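Full structure from sequences and hints, please.
So the sequence lines, in the order shown, correspond to chains A and B. Quick note on numbering: the working numbering labels position 186 of the first sequence as 191, and the sequence is numbered without any gaps. Quick note on numbering: the working numbering labels position 93 of the second sequence as 328, and the sequence is numbered without any gaps.
Derived by calculation from the structure, the hints in this document are not laboratory data. From a predicted model like this one, the values you see are computed outputs, not experimental measurements. Incorrect hints may appear among the rest.
[As the list claims (entries may be wrong)] Heads up, simulated BS3-like pairs for lysine-lysine below, C-alpha to C-alpha not over 25 Å straight-line:
1. B:482 to B:467
2. A:52 to B:552
3. A:75 to B:543
4. B:295 to B:467
5. B:530 to B:482
6. B:492 to B:295
7. A:75 to B:395
8. B:439 to B:361
9. B:530 to B:552
10. B:470 to A:52
11. B:470 to B:288
12. B:492 to B:482
13. B:366 to B:439
14. B:552 to A:75
15. B:288 to B:262
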Amino acid sequence: MSDVSVGNLETSIVRAVRAFRVSPEMLLTAATIVALTLLWFTLARLKLVNPLFLPPPEDVWRAFVTVLTKGYQGSRLDQHLVASLSRILTGYVLACLVGIPLGLLMGLSTKVKAVFDPMIEFYRPLPPLALYTLLVMWLGIGDLSKVTLLFLAALPPLTISAMQAARGIDRQYVKAALCLGAGRRQLFRHVFVPACLPVICTGMRISLGFTYTVLVAAEIVAATAGLGWMVWDASKFLLSDVVIMGLIVLGLTGLALDFLVRRAERALTPWRFQ
Amino acid sequence: MIARLSIAAALLAFAVWIPTAAHAEDKPAGITIGYLNLVNAQLVSKALGLHEKEMGVPVKWLKFGSGGDVNNAVAAEQLDFGGVGNPPASIGVTRDLHYQAVTVLNMLGSVEALVVRKDEHIASLKDLVGKTAAAPFGSTTHYLFIVALRNAGVTPTDVKLLDMSPSDAVAAWLRKDIDAAYVWEPSLGRMVQAGGEILLDSGKMAAEGYPTWDVTVVMTGFAAKYPSYVTKFVKSECAAIDFWMTKPAETAELVAKELGLPLDDVKRMMAGTTMVPCARQITADYLGTSAQKGKFVDTLVATATFLKEQGRLPAVKERAAYERFVNPSFLEAALKP
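Structure (structure tokens):
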């Protein structure tokens with residue numbers, strides 16, 4: 006076979022792939038997922054690993070169906086999901102409402118920054134679980150302490166990105182707009198918002214991802230429902246099928262949330278995606 | 236670089252060590268013991284270095300907050316010996332953890348109790364309906380709490396039962412977030428001091444036919460490879476129990492130092508915990524003998540059955556699995572003159 010025909014074959018595959026609007030990267034992603042699933046089936050089928058560590062896929066599927074229909078410790082899967090999502094979204098939306106304006110102010114005024122920066126920088130690296138112990142003492146065992154922990158986790162990426170966005174505004178744009186006779190409102194609408202939004206959007210994505218990782222910590226103490234709690238509780242009873250099922254649901258939900266934020270990013274800053 | 240070298244050295248040691256293990260019995264390079272945050276003779280062996288003396292190997296002690304955490308460490312093969320109560324042991328055996336009970340650590344008495352808030356006027360378990368209570372899920376107290384509620388004719392789900400470690404429960408108690416908690420000392424004592432009274436304790440539950448206890452477990456793989464070292468380990472545990480029984484004052488001081496607690500607390504905790512001398516451990520009430528296993532097997536089966544009813548375990552295993560778990564043979568060997 007000559008080089009030319011190999012080249013032709015390649016181009017025809019590429020064309021066929023393009024016809025289905027599937028990029029080679031998407032194919033690679035799909036292949037990776039299929040390969041990992043096959044590996045899981047094989048390991049389980051050949052009994053190469055202790056089922057306690059890696060239960061066979063059918064057990065995990067059965068756990069999914071059972072928890073979806075009959076529930077786990079009093080709540081069905083959808084109720085666990087709603088409990089977790091409402092905690093995450095409450096904490097996250099509150100953090101957006103507080104963190105973004107605060108960050109913008111911190112970026113515009115060094116005095117505001119001097120007040121808030123040390124606080125945020127101090128608690129930001131603290132392990133969420135350590136922080137949570139204190140929050141339980143202060144705020145109790147109800148949802149307030151859980152939502153507060155998620156709020157605190159969501160806040161730093163938001164303020165930091167908003168602060169950087171505000172500081173990064175090109176003064177030339179501001180001067181130019183002022184020269185052209187822009188009022189305060191126009192300056193805000195046509196210079197500030199478009200200049201800051203991209204960085205803020207990135208911060209919002211990072212923040213949501215980070216908030217999500219704190220979920221299990223937030224649900225460890227005194228929760229009776231929630232995906233994080235379900236995984237934690239099942240691990241105490243060595244129910245690894247429920248643990249893995251819970252982790253898969255957590256992972257997929259996280260992906261879905263990230264997808265939504267990216268969609269919002271596209272809608273808010275369309276010029277970056279042209 | 237040094238880290239990498241030491242990993243390589245460890246791998247090499249591992250590779251050399253596997254083939255030789257099949258021949259004569261080797262000496263373990265060291266042992267790791269996962270111990271519970273409880274007051275029992277294990278703390279004496281730890282403080283006096285009894286295992287090091289008897290076995291001649293370095294000992295690493297890892298502290299665990301509950302038997303459930305020990306189970307997870309066992310599943311991850313991080314321990315050689317550990318301590319678990321009967322509920323974690325039932326869970327472990329039912330979920331195929333490879334370990335065996337070799338000695339009785341302690342029988343639980345008033346060291347674990349159900350404490351209720353005085354100002355809530357809770358005179359019986361029935362008064363707990365609609366109240367908020369806490370217990371560490373998967374532990375002995377969680378198990379006894381639900382058993383007690385059920386026996387008193389209360390549907391366990393009518394009480395808002397929350398999963399909390401004893402120390403978290405103290406915080407929630409001080410904030411008046413919870414009205415009751417079934418936990419162990421020293422957290423229990425703090426709650427009693429802060430407006431609590433004892434409604435029920437594990438000693439009372441034992442008298443009603445629901446004994447709870449903790450046992451020392453050894454990994455099955457370790458026991459197969461180093462049987463004589465397990466016997467040595469059991470010997471030093473027995474020596475620690477003897478020390479506890481004959482020298483209570485010295486023991487209290489050792490334990491207080493070990494846990495960093497006031498002497499009075501320790502004395503109260505020691506009074507609420509029963510040690511079983513090794514010679515008695517191989518009688519029918521405890522582990523029994525290799526030929527005729529004791530009542531601990533019944534407790535394990537009863538606990539597993541109960542956890543299954545509560546939707547906590549998918550299935551209960553055949554009795555033989557729990558009988559295999561209780562292994563008095565090392566104790567029998569250690570007791571031979």
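Would you check the hint for residue 492 (chain B) and residue 295 (chain B), treating anything up to 25 Å between C-alpha atoms as holding? Holds, because 18 Å separates the two Cα atoms, which is no more than 25 Å.
Between the alpha carbons of residue 530 (chain B) and residue 482 (chain B), is the straight-line distance 25 Å or under? 29 Å, violated
Hint consistency between residue 75 (chain A) and residue 395 (chain B) [alpha-carbon to alpha-carbon, up to 25 Å]: 20 Å, holds
For a C-alpha distance cap of 25 Å, please report whether residue 552 (chain B) and residue 75 (chain A) respect it. It holds: about 23 Å lies between the C-alpha atoms, which stays within 25 Å.
Quick one, are residue 52 (chain A) and residue 552 (chain B) close enough, alpha carbons at most 25 Å? Holds: residue 52 (chain A) and residue 552 (chain B) sit about 20 Å apart, inside 25 Å.
Given hint residue 361 (chain B) paired with residue 439 (chain B) - CA-CA distance at most 25 Å: Given that 25 Å is the threshold and the Cα spacing comes to 17 Å, the pair holds.
Please verify whether residue 295 (chain B) and residue 467 (chain B) have alpha carbons no more than 25 Å apart. Within the cut-off at roughly 16 Å; holds.
Regarding the pair residue 470 (chain B) and residue 52 (chain A), is the alpha-carbon distance no greater than 25 Å? 38 Å, violated
Hint check: residue 288 (chain B) vs residue 262 (chain B), CA-CA at most 25 Å. Holds or violated? This hinted pair holds, its Cα atoms lying about 14 Å apart.
Does residue 467 (chain B) sit within 25 Å of residue 482 (chain B), going by the straight-line distance between their CA atoms? 22 Å, holds
Quickly compare the C-alpha distance for residue 366 (chain B) and residue 439 (chain B) to 25 Å and report which way the hint goes. 23 Å, holds
Satisfaction of hint between residue 552 (chain B) and residue 530 (chain B), Cα-Cα up to 25 Å: 17 Å, holds
In summary, the structure is inconsistent with hints 5 and 10 from the numbered list given earlier, while agreeing with the others.
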